[in-house]
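A.B. asks: Spelled out from the first residue to the last, the chains are:
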Amino acid sequence: MTEERVGEGLPATDPAWDEAFVRVESYLRAHHIDSRVLLNRLAAEIIGEARQLAASHPGDDPVTVAIEVLHRRMSGWFANVLQLGDEADAQLRARGRLALIMAEVPRRWPQHFLSKDPAPQELRQAASESSLHPGPELRLTNMAPAPLEFTFGEAVNDKWKTFSRWPFFRAAAAWLLIAGLLGAAWAASH
Amino acid sequence: MDLEPFDPSRLDPLRVTNRRTLMATLVLALTGPAVLMMADLHWRTGTGFDGWKFLHLVVFAVLFALVAFGAVSAVVGFFLRRYGGDPYRICASLGPDTDRGAIFAATAIVMPICNEDVVRVTEGLRVVYESLAAAGRLPGSDFFILSDSTNPNRWVEEEAAWLALTQQVGGQGRIFYRKRRTGINKKAGNIADFCRRWGRHYRYMIVLDADSIMTGEAIVRLVRLMEANPTAGIIQAVPFLANGETILARLQQFATRLYGPVSAAGLNFWQSAEGNYWGHNAIIRVAPFIRHCSLPELPGAGPFGGRIMSHDYVEAALMRRAGWQVWLATDLQGNYEECPANIIDFAKRDRRWLQGNLQHARLIVAKGFYTVNRLHFTLGILSYLASPLWLTLIIISTVIARHYDAVGRQGRAAAGFARQLPWSFQTQALGVFIFTMILLFVPKVMGLLDLKSRPKEIQEFGGWKKVLAGVGLETGIFTLLAPVLMLFHTEFIILTLCRRTVAWGAQRRGRAGESAWNEAIRGHWIHTVLGLIGSILIWRSDRILAIWMSPVLAGIVFSIPLSYWTGSVEAGLRFRKKGYFQTPEETAPPPELTRLAENISARRKGAPPLPGLESDYGLLQAVLDPYVNAVHVALLRAKDELPPAAEERFAALRAKLLHEGPRALHLRDKIALLMDVDSMNALHLELWATPAARLDDWWRLAIQHYTVIALPPQTPFVR
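In order, the protein sequence lines correspond to chains W and E. Quick note: the first sequence uses my numbering, first residue 2, plus one each step. Quick note: the second sequence uses my numbering, first residue 37, plus one each step.
In isolation and in its complexed conformation, chain E is listed as follows (with noise of 0.2 Å):
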């Protein structure tokens, strides 16, 4: 047996070429016979080959192609975890003997935020943090805080818990807070500017999402496939999910856990060194990471040109372009992510990626890049557009059905196939259907089988039973909520092709998450009216066709329930009591996860902000509290006098800030006076020498958080 160390340095192209052929020669070899089977079905149903028919078979073939990719690189990620694992996989590249001292090679963990819950971002940078501590391995890792948040409530909040962490970690010096007074392109930009800041500091950067956790050992590791592999550009972490509690999140939770390392297994199998680059819980050189990734402009406007919105693709395609490698490191352990609590932010999400995804149409061809690079953007592209062609395929078959049935159902009983094959019409057609769904539940099963081998996870995962009973409502659950999501994805489409863009807001995580009747209804109401007129028409024309469809159209005919039931925390809740959906990661959760949960729990038990003061209270808290009012004046940029015209209109702000409260204010106008030095200085002292009478309610009930004098005793003699 061969113990040497796997060294992509050296990777050999025709193993390469021979597995990416063999994926497509298994593709083909699938969806080959399944097409032809299809179109006979069509040939025997006797009224000719029309455009519908061509037209649904191409929209088959597609899709088939797309369930038998998924399948077969199920099957072999498999078969390679079971004899023993890829030896062609990055992680491979440090032997069992690799050296377990410090390294030092000048590393900065960085985590672009916008917006997001500031709680969560301090307590997830604080648990990596002390982790990476307690390894104790990497002196040299600053960690960053890169914040593009446009709302003042979070941007104050930053500040003040950046400070916090760092006095309360000991991180003066090695955590920094950068906050961006524009945000240009969004987190791509965001990244490129901490490069051209402090990037030569840095020999490699880890890129943390808001939710993204990795515990110390995780990052070292990195560390050092990175320092063993000197051709190496990018190495992509697959994170599992975690800390879900709503349906919606634990399902997803559990699918990625058990099917997901086979797939992984299955993507390195082909992808090999051009693998992909997902945004986060990722290492990248740095050095030719500013040489050659910085994101250019897509010629015209958006939303297909432009900036380039989803940008991690494209930078592995640029590193890649430049020669560097680009790996998915699939067994690192101790890397975590969070996933959107309900279908409608699991759609509102689907509609920043789409809209961004089907931007890299236009890179497909563009120069210099690795076909697997394209391959990755095509297969982006597709991931979306499979929405809208499965609904073609449903009304496509809606209307052969019809026509069908129209001509009194005179099929070719002996036509075709028929003559050598024993099969009837309807015997053929469920051949074809039965097909499809082993397809679609071979990663299942393999996933299921590559657990067999790991009994000690069997467990964790709440036994055999709790496993298959998983499975199966994971299966029905997710059954029903496909064609939902299947419509969202067709409208964003249209509305992408309508040249309708999206704000890229901050995802709500956990508890934030949690799904109300009146988001759902909102969200959905289109979705029932579609459905039931689907579903009438449908039973019209073809009743058995509509019995066929009916978990379709019962997914759609009730998503508002549906949405609101998988995104209810307390539904969650009692599907973990009951042993459903466990994960390794909630019975046996690493000491991180249990640091951040407790950290979360224990910083949310604060009182919250007075009802009426919530909405501003992060301008409240600047203005007001004098270490928060020091923090934001130290981060914020000196200034050059102002023209006597600019001092005027502030004046008159803080005037009207003061004396009519923050209600009277236009939201640019509070970013503004945020933004200046003076004015937050001005009003500091303003406030407090200001007496009650003088002040706009407002502004009497903030100063009342300061006060030490209680209110009288409610007596008879108060009045």
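Just chain W, same shape as in the assembly (with noise of 0.2 Å):
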């Protein structure tokens, strides 16, 4: 072997692909993935993808590309887990991650996430269990504004909710009374 031969076929370093990788392995440490030999082994993946797609798109840069696959891969990986295949790319995504906190996936099956094997069944039954309830069905009810009507005489004559006639009238003597002793008082000494 020449000297010249020494490494060929090995991928150049690259910084734009350096930059792409911890990119993806951000994105997935995001989603709780804490093994860094998981990180490891599926962000190499992603990127060894999206270096063969990026060969066709000369032009595109590998962050983009990068993150293209992996969405690609979650958008696959979640349709399979909660058996969809209808919904738009970018609910669906937010969908799965919705699913993936609320079964734990990343706690209870890291090993499992993104993984090309099928998922096991409790992962799927709780992904797909998994759906957001901010509120109990609606039943929607009509609350009109109570009516108000300002007239002072009404409010006088209302007093007798609140007290009884006769009593009321016997303590109003009582006050009438303290008020003509103070006043008799007054009256006397000055």
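Keep in mind that the hints were calculated from the coordinates and are not lab data. Note that the Cβ used here is the ideal one computed from N, Cα and C, for glycine as well. Hints may be right or wrong, so weigh each one.
Think about it this way: if two alpha-carbon atoms lie no more than 25 Å apart in a straight line, the pair counts; the simulated DSS-like pairs of lysine-lysine are [unchecked claim]:
#1 403/E - 160/W
#2 488/E - 162/W
#3 614/E - 488/E
Anything over 10 Å on all C-beta distances counts as not near chain W; from chain E, calculated [to be verified]:
#4 169
#5 212
#6 415
#7 466
#8 477
#9 566
#10 695
#11 750
Got two chains here, separate frames each, mind docking them using the hints?
C.D. replies: The following block contains the structure:
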């Protein structure tokens, strides 16, 4: 083997693909995939596919291509796990991410995340049963504003709702008596 | 002894009238002589009865009546509690042998929030949920977080925290979250929105504030009270204050814990079935609430017209108008709330309440209300109007004293009552002052006498020495703070009358509410200046009066350090360490409060956002985090096809957000993006797929949160 042939066939290091690798790995980590081995394996697989795809789209940025590949893989995996097919891609992925966190897939079945092998039945069941319940079923009802009228005379008459008539008059007489006594005391001394 | 439980539906109206008229008679019997003595003092100054004196007398009468009313309530409350409790209280409607089994009454526990501390909200709800689950006797209960948050950070955090909470406690389908797109009619509108959507599912709703805690036992008991009393529309529980750390917060919780029970018993004595609703920690019968308690708009513009701001009193009045009873549950245990941590936050809250209460002036004459509800409106107004009245009294007193001084203090030595009573002018003035002070102290004395009958609680308050020292300190500190609040309230009333409305922001709680020097200076410099000017003027007009008024003037002059000190957590905890202002909730906390403190502490241990990212952290998470984005998108309303112009606008905003960062966007644009499902999906995809070189620095920093690679080691080989 001549010196020039050593390392031939190995992909050259490229900062753009390094960035793409880190981005893919970060995105996976954002899904609470904490195993470095798993992160590395999945990221390497995605980057491998992305590099192949990029060969036919030379103008595209590696980060964009890699994330596109990753999203495609996630969409496929979510469609398979959730047994959905007709939803728009972005909606499907949002729904899938929700199922991931609600079924605690990253904690319970991290090794199956984005795996090409079929997902276990418990995972499928847990994921497809995961749906958000922000409120119970709507049972709409009308709540019309209470009418208010502002009439002083009526308001004065309303006092009989609060007070019984005769005890109130008796008390009012007592109040007048107190006031009268105080007035008399004043008048007598001033 | 009558062991039959109290039946509110058979409440004797004669007895209720007698109670109310007795209260009025006692207040009059105390106020009348005091006013007469004050009038006599004016008479004896010998300068005739002019407008100043007449106005002084009127203001004095109003203020004295309020003080007398508080004293009478406390005395009545004390005697009721001393002799076995009021037989006519709602809690007495449940006999001792009440069924302890499960109750099947669909109940919603609703917590309306608006830009609140999300950790406190969710941890509070967790504690209430778990406590109720442990009680296990209310299977038909659901929880609702009803958000009107306008701060994107809070909004996004609420969504994620809600889902996490439901996951952690197994509350799927039991704990719900609703965010209104527009917060029409604030808290009342938020509750009404709940009622319109889901009210028909529930027989009762229990309204909690963001800082409320209720034990499962308390919730079950409230539901049981409603079930036992089909005429009750609202039952308001009396919450104790808890979790305070600053001096002011701990002072408030000490004072309300010590004096509150007698005052509450006194309130219930005359309120009876025409109690009030305080907006939270209350249970409401949903069907009549929906039918009768939707708030109308008041005629005219704000601050007196328009939407009703202080909704609770009005809802209670409307419920009562429709024939439903409103009760105060004076002795319901396991019911807590928090209070503002510093005097400026206290004043901010008062400004909102004050504005709302002043608006009630129109409702005093609204047709169909019970007189007691009109009285509630009036007392609510007077509770704030008392401040400018007090200031007026001080100013008029100074003017009269100066006038009296100018005529050479030639009083009529043997005029008026002096002909019958051997009192000098000074002795009589001192007598009126002492009488006023006695009445001011009566609620404290009643609270202490009431405590005497509960030896276990005395220990929980730290023992008699600490209690008495606490009362002394509390009296001293509130004496200094009261004039500061007087100035705040007077300013707020003037601003309200000038039609300057206030925004209803979230209350800062716990350590977040700790005072800072710059805030204290900004909030109080004007008080200090006014205090200095007032002190000089009063000193120059009448030195004796200045000495008498020195506590008031000192509070105002030293308001800046006083505000800072009373709002300091460190000082508050130092007092706690020394055993001052202890309450049973501190010394023997219920498990719910302990768990709340532990949970909050655990939640706060997480690393805070990087400093540069803090201001738009909610937006960051909603765009960047796969799960937060998914929850956010799932909770957004699916939208119809947008017109092309709107699509273009959103596309431009998205590009601007990614390439120039959130600082390039106005708040309304950020909210618009956060409300648009397609934009949130697109932003998530675009952000992760865009190379760092094309992203704004802010996003580059944000994305580092998720990066596995650590920075290279800093050695000479790394440049």
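A.B. asks: Now tell me, hint by hint, if it's right for this structure.
C.D. replies: The hints, checked one at a time:
1. Proposed proximity of residue 403/E and residue 160/W is supported: the alpha carbons are some 11 Å apart, at most 25 Å.
2. Annotation: proposed proximity of residue 488/E to residue 162/W is violated, straight-line Cα distance about 39 Å (limit 25 Å).
3. For the given pair, residue 614/E sits about 22 Å from residue 488/E by alpha-carbon distance, which is consistent with the 25 Å threshold.
4. Against the 10 Å criterion, residue 169/E stays outside the reach of chain W, whose nearest CB is about 17 Å from its own CB.
5. A beta-carbon of chain W is positioned within 10 Å of the beta-carbon of residue 212/E; the least distance is around 5 Å.
6. Once the 10 Å rule is applied to beta carbons, residue 415/E is consistent with being away from chain W; the minimum gap is 14 Å.
7. Against chain W, the non-interface label of residue 466/E holds: every CB pair exceeds 10 Å, the least being about 20 Å.
8. Separation of residue 477/E from chain W is adequate, the least Cβ-Cβ distance of about 24 Å exceeding the 10 Å criterion.
9. For residue 566/E, the condition that its CB be more than 10 Å from all CB atoms of chain W holds, with the nearest at approximately 37 Å.
10. Interface exclusion of residue 695/E from chain W stands, the closest Cβ pair being 15 Å apart, more than 10 Å.
11. Consistency note on residue 750/E: stated as away from chain W, and its beta-carbon is indeed over 10 Å from all of that chain's, at 20 Å minimum.
Consistency note: the structure conflicts with the earlier hints numbered 2, 5.
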